[in-house]
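Make the full structure from the sequences, and use the hints.
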Amino acid sequence: MDALMQFLLSGMTVGAVYALVALGFTIIYNASDVVNFAQGEFVMLGGMTTVFAHAAGLPLPLAAVIAIALTALVGVALNKLAIEPARGAPVVSLIIITIGASIFIRGAAQLVFDKQLHRFPSFSGDEPIRLLGAAILPQSLWVVGGAFAVFFGLWAFFTKTLTGKAVLATANNRLAAQLVGINTGWVMTLSFSLSAAIGALAGVLVTPITLVAYDVGVGLALKGFAAAMLGGMGNPKGALVGGILLGLLEAMTAGYLSSQYKDAVAFIVILAVLFAMPQGLFGAKHTERV
Amino acid sequence: MTLLQIEGLGISFGGLRAVNDVGFSAKPGEVVSVIGPNGAGKTTLFNMISGVYLPNTGRVLLDGQDVTRFESHRLARKGLTRTFQNLQIFQDMTVLENVIVGFHLAERGHLLADILSLPSTKRRAREVRTKAMDLLKRVRLDKAADQVAGNLSYGSLKRLEIVRALAMEPRVLLLDEPAAGCNAVETEEIDSFIAELAASGIAILLVEHDMKMVMRISNHIVVLDHGEKIAEGSPEEVSKNPEVISAYLGAEAGQDTPSVEREVANADG
Numbered sequence: 001m002d003a004l005m006q007f008l009l010s011g012m013t014v015g016a017v018y019a020l021v022a023l024g025f026t027i028i029y030n031a032s033d034v035v036n037f038a039q040g041e042f043v044m045l046g047g048m049t050t051v052f053a054h055a056a057g058l059p060l061p062l063a064a065v066i067a068i069a070l071t072a073l074v075g076v077a078l079n080k081l082a083i084e085p086a087r088g089a090p091v092v093s094l095i096i097i098t099i100g101a102s103i104f105i106r107g108a109a110q111l112v113f114d115k116q117l118h119r120f121p122s123f124s125g126d127e128p129i130r131l132l133g134a135a136i137l138p139q140s141l142w143v144v145g146g147a148f149a150v151f152f153g154l155w156a157f158f159t160k161t162l163t164g165k166a167v168l169a170t171a172n173n174r175l176a177a178q179l180v181g182i183n184t185g186w187v188m189t190l191s192f193s194l195s196a197a198i199g200a201l202a203g204v205l206v207t208p209i210t211l212v213a214y215d216v217g218v219g220l221a222l223k224g225f226a227a228a229m230l231g232g233m234g235n236p237k238g239a240l241v242g243g244i245l246l247g248l249l250e251a252m253t254a255g256y257l258s259s260q261y262k263d264a265v266a267f268i269v270i271l272a273v274l275f276a277m278p279q280g281l282f283g284a285k286h287t288e289r290v
Numbered sequence: 001m002t003l004l005q006i007e008g009l010g011i012s013f014g015g016l017r018a019v020n021d022v023g024f025s026a027k028p029g030e031v032v033s034v035i036g037p038n039g040a041g042k043t044t045l046f047n048m049i050s051g052v053y054l055p056n057t058g059r060v061l062l063d064g065q066d067v068t069r070f071e072s073h074r075l076a077r078k079g080l081t082r083t084f085q086n087l088q089i090f091q092d093m094t095v096l097e098n099v100i101v102g103f104h105l106a107e108r109g110h111l112l113a114d115i116l117s118l119p120s121t122k123r124r125a126r127e128v129r130t131k132a133m134d135l136l137k138r139v140r141l142d143k144a145a146d147q148v149a150g151n152l153s154y155g156s157l158k159r160l161e162i163v164r165a166l167a168m169e170p171r172v173l174l175l176d177e178p179a180a181g182c183n184a185v186e187t188e189e190i191d192s193f194i195a196e197l198a199a200s201g202i203a204i205l206l207v208e209h210d211m212k213m214v215m216r217i218s219n220h221i222v223v224l225d226h227g228e229k230i231a232e233g234s235p236e237e238v239s240k241n242p243e244v245i246s247a248y249l250g251a252e253a254g255q256d257t258p259s260v261e262r263e264v265a266n267a268d269g
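Heads up: the sequence lines are chains A and B, in that order.
full-length UniProt numbering puts the first sequence at residues 1 to 290.
full-length UniProt numbering puts the second sequence at residues 1 to 269.
You may find that some hints are simply not true.
[What the hints assert, rightly or not] Here are the simulated DSS-like pairs of lysine-lysine, each with C-alpha atoms no more than 27 Å apart in a straight line:
(1) Lys122(B) to Lys237(A)
(2) Lys122(B) to Lys143(B)
(3) Lys237(A) to Lys262(A)
(4) Lys237(A) to Lys160(A)
(5) Lys131(B) to Lys143(B)
(6) Lys143(B) to Lys160(A)
(7) Lys78(B) to Lys27(B)
(8) Lys131(B) to Lys160(A)
(9) Lys240(B) to Lys27(B)
(10) Lys160(A) to Lys122(B)
(11) Lys115(A) to Lys262(A)
(12) Lys78(B) to Lys131(B)
[Said to hold, decoys possible] Computed spacing ranges between beta-carbons, pair by pair:
(13) Gly181(B) to Val112(A): 53 to 63 Å
(14) Arg126(B) to Leu73(A): 38 to 48 Å
(15) Leu73(A) to Leu118(B): 26 to 36 Å
(16) Val91(A) to Val185(B): 32 to 42 Å
(17) Leu73(A) to Val185(B): 51 to 61 Å
(18) Lys143(B) to Asp263(A): 50 to 60 Å
(19) Glu169(B) to Pro85(A): 27 to 37 Å
(20) Leu117(A) to Leu111(B): 37 to 47 Å
(21) Arg126(B) to Phe267(A): 47 to 57 Å
(22) Asp134(B) to Glu84(A): 34 to 44 Å
(23) Lys122(B) to Leu73(A): 33 to 43 Å
(24) Thr2(B) to Met277(A): 56 to 66 Å
(25) Pro59(A) to Leu111(B): 20 to 30 Å
(26) Leu54(B) to Leu73(A): 26 to 36 Å
Hints listed in this document are in silico derivations from the structure and should not be mistaken for laboratory results.
Just so you know, even glycine gets a beta-carbon here, dropped at the ideal spot from N, CA and C.
Dropping the structure here:
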């Protein structure tokens, strides 16, 4: 029983990180139909920049804010320098561009920072909190809280604000959105910066637990992608539920089967979803008019 | 008095000169039709005026201001919008939502007030909803308001696209084949609807293949062939112009073999 509780808690923590990555996927996908495989790199940049800014003597909160802002700028640059020049190209080409961008960012991070594993102190100490016979790190609560806060923020943004609705209109039909006066170029810039900022926030929150190095992005992008697929690509609720489900599945597999199979879970989920229900748990069924 | 002034517009795609040195003007309340055989460059001309293509030569003046390099969303702010021959509808939204998006520029949303759903936000949403419903009533789509737009018939979507454009209260409206694919009754409806819009002071640019409709509602007609303007004037003048008759109306009216061949040749060109 204690073991199950422990697995649930660690699954929630890991799942919250996947949910944050998946939420980042959601925004860019909603605005442009592109699955941005550089999303994991945003998480890495968030963690790494905070580490180095903190090491340079800045207080942790300031370092985190700088890291999130810088990563948002990288997101904008990705859109301006790689996606926008290829406007009009098929979505598949754009997705391949994001894969290229992720390799580039990883390489650049290796040069600018280094190849070591890093961490910075937890926000609220490292004294585990006892909960129903299991232990949870205070930092885990930060991660889970962060995922829920971002989810509710995005939900309000997309359903209630004009700007959020403009993003959805752009996703639905870019030309029609322009005709009613929506600046779709700006919508794309906004989406990439928001998405990058959320990725960076995930990196900031999770680094004290999982540590960060230049190459942690690949795995996170894949797990986040699996989570987004499971929940239904493009749906914030799906991203949250999919992320947490995937985290729990991983934790259970590691606990009851073998931790060797932990990483296989994400891939099994991707395959199962693609075979059985390609639209995911909450995804909209797509109808194409011909 | 001139609201929209087109001067020497031209564009090439590779070696093909799709439109060459075309100019005309439109006043408020005027219906200006652009006609010509298939492939004459009508839609290309519309694409340049509405900011979808950047012209190689020439200028577009709106109220005396040069708006040639403006993107579509900036033109929308200036009061110029359009509909498309092949429809640009938000397929996954409802009919009502489509029109509500049309009010995008008129809505002044305050980010924080919207997130908190303050009374001001709710009032604004109610107002926009009412206005959108009124527009839908004008084209008898109010009963379909809550249907997903993608499920509507082609003729209904054509009308939906027009009222979405009207939501922006445009000063210049470009309609690309509004009656294409519509039956006789629907065509007549669109016909009188356009006349109504013009009477309210909107300058209307029209591309349309239904010659009866064009002759009936146009104040001024511009005739294109092979990307060049070959004639312009009142419906009466244009229909008597021998060059127009040989290039276009003859092929429409005659239905004899040579003119059919000509149509085919034009379509290929």
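Which of the numbered hints are not met once you compare them with the structure shown?
Of the numbered hints given earlier, the structure breaks none, since each of them holds.
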